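Line by line, the protein sequences give chains W and U.
Taking my numbering, the leading residue of the first sequence gets 301, the next gets one more, and so forth.
Taking my numbering, the leading residue of the second sequence gets 88, the next gets one more, and so forth.
Check each hint, because a few of them may be wrong.
Stated by the list, open to error - One side of the interface only, derived from the structure: several residues of chain W facing chain U at Cβ under 10 Å:
id, residue
1, Gly400
2, Asn408
3, Glu506
4, Leu508
5, Lys546
6, Arg612
Derived from the structure by calculation, the hints contain no laboratory data.
These figures come from a predicted structure and were not determined experimentally.
All C-beta atoms in this analysis are idealised placements derived from N, C-alpha and C, irrespective of residue type, glycine included.
Residues per chain are reported as follows:
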Amino acid sequence: MRAFSSVLTENKEENLPPKTPPYLRKGDRIGILSPAGNISAEDCRVAIKTMQEWGFSIKLGATIGKKDFTFGGTDEERRSDFQQMLDDGSVKAIMCARGGYGLLRIINQLNFKKFLQRPKWIIGFSDATVLHSHIARNFSIATIHSKMCNSFVDPAKAEPVQTETIDMIRKCLVGVKMKYEAPVNPFNKKGVAKGMLTGGNLKTLETLAGSTSDIITKNKILFVEDTGEYLYSIDRMFWNLQRSGKLSGLAGLIIGGFKIKPDDEGEEFGKSLQEIVLEKTAKYHYPVCFDFPVGHQKNNVALKCGVMHRLRVENNAVILEEI
Amino acid sequence: MIIPPYLKAGDTIAITCPAGYMPAENAATCIETLLLEGYRVMAGETLGSASQNYFSGTDEERATEMQYYLDDKNIKAILCARGGYGMSRIIDRLDFKMFLKHPKWLIGFSDITVLHTHLYSRYKAVSLHAPMAAAFNNGGYSNEYIGSLLAALRGEKGNYHSAPHALNKTGIAKGKLIGGNLALLAHVTGTASDIKTKNCILFLEDIGEQLYNVDRMLYQLKRSGKLAHLAGLVIGGFTDMKDTEKPFGKDVYEIISEIIEEYDYPVCFGFPVSHETANVALKQGAKYKLSVNEGGANLKET
Chain W
301 MRAFSSVLTE NKEENLPPKT PPYLRKGDRI GILSPAGNIS AEDCRVAIKT MQEWGFSIKL
361 GATIGKKDFT FGGTDEERRS DFQQMLDDGS VKAIMCARGG YGLLRIINQL NFKKFLQRPK
421 WIIGFSDATV LHSHIARNFS IATIHSKMCN SFVDPAKAEP VQTETIDMIR KCLVGVKMKY
481 EAPVNPFNKK GVAKGMLTGG NLKTLETLAG STSDIITKNK ILFVEDTGEY LYSIDRMFWN
541 LQRSGKLSGL AGLIIGGFKI KPDDEGEEFG KSLQEIVLEK TAKYHYPVCF DFPVGHQKNN
601 VALKCGVMHR LRVENNAVIL EEI
Chain U
88 MIIPPYLKAG DTIAITCPAG YMPAENAATC IETLLLEGYR VMAGETLGSA SQNYFSGTDE
148 ERATEMQYYL DDKNIKAILC ARGGYGMSRI IDRLDFKMFL KHPKWLIGFS DITVLHTHLY
208 SRYKAVSLHA PMAAAFNNGG YSNEYIGSLL AALRGEKGNY HSAPHALNKT GIAKGKLIGG
268 NLALLAHVTG TASDIKTKNC ILFLEDIGEQ LYNVDRMLYQ LKRSGKLAHL AGLVIGGFTD
328 MKDTEKPFGK DVYEIISEII EEYDYPVCFG FPVSHETANV ALKQGAKYKL SVNEGGANLK
388 ET
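Sequences are here, hints too, so could you generate the full structure?
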């Protein structure tokens, strides 16, 4: 029988000094696994080759190529694969091969004891938001929000934006101080913010509300993105953030890519994404920017969650930089 | 718990649309039925409004109308004409001071789940999870489900049955009944309208969700501590479920059954609470007894 030690606990994060796992050096190993949806080894081939060219070796998890309906193996298979990657001291980073749905089903069964003794980089986005939020809340350890194996493309066929965003994963891993530029959007709210970066997929964040993996946003720069949701649903999720106190104490807010599902006929929502966001943040004075290159899109930069950043939203430039 | 006074002939029921837009003619049968029951009916401007978008009016218009009905002590019940989406946008603007002085029945389901959980958690007030205006149409006004709503308003105690189901878990539970739409229950988690479910009988229903999303929402309930200490669980209709291109591999009742496998409380599936015709009136926060045995399930107000 599984023990669920859930229920909202005290905020451990505030009592813990933020930690950054050791950056990677040539020859270090990266583990690849699939804690959510299933993926074939073939679909990881380009990612493996690219990361080998970066000078890293690869450990392929047992869940790569496994399939239990939509999942990359049964809960137990995905749990044990993740656990052995967490526990293996020779693995310096773990990349989720793809998202989908599945981490929520196994997160409470993962044991982070060895990971805490020897932190390592956890990489992914979308469903992997569960990991970013859980690790930040409970352990205050930095993670990388970025593309995963299924987004790597053959360098010969890659568009510049793909090459660049994939190489950002390498830069994050080896400890390059990151700097990003976003396009200027007329709806942006100007200002400067300094804070730890946190965030991810909006739907997944709502799913974590009230649980031991619930995101802590106070004094942080929050980024959110989503795909395939109706406007009304996006609005409702922002109300969840608002009503659970997650928008009031922010340092800054970054709105990434939102692939919006068109309204059904006769059910036109009548508000844009920008209006949805701005009405919730009207009374706050922190900077807000739109169109930041993070999300289910080609221009999806690699971000270090749990690391201090400065966000500058100005008339003619939007810059996020690690400090 | 505060139980509002039951209705007598001549009492007034207000009809409002706090969420999505609804053409006035869709509520005509509902109004007629309530009039024939001997009630007075007051329909708000949000019903059949001139709104050009999804909502029945601006947040301000919807909140003001609801507030007016909450504050008017001559109104003994407020029937939400439809759900959709919108309650979350106005719930924190509503003032329940006058309502608490003169409690009244708030009626609805789906998006209105937010109002029910809010009333239950913040004000310990009993409300009615029940069919809304459109359910009276197409002959619905004479069926047992609308009948159960009218009976509940008169003060009759609910006593409902459902057929045996292979996934049922037998047993007897007593406790306060709470619940509603799964997506909304997940959505209010962590907010001022969140519910504590310990020792309660929880009921759930939903419509039009992806199977993986139902799984995810149930994990949210589980991980936020809402499934471990129930007295019992009542699973209503999960209709119009959608699956991914690669199938999830379980049907919706199997998903639910698996997630609560470790608990020993009684569970029934296929209970008549849903977005379909089968949707009995349930008093949120009132005490019920759930009995599940080989003959099926019985949920009885005590």
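| request: Against the earlier hints, flag every one the structure doesn't satisfy and list their numbers going up. | output: Going through the list in order, the structure violates hint 6 alone and respects the others.
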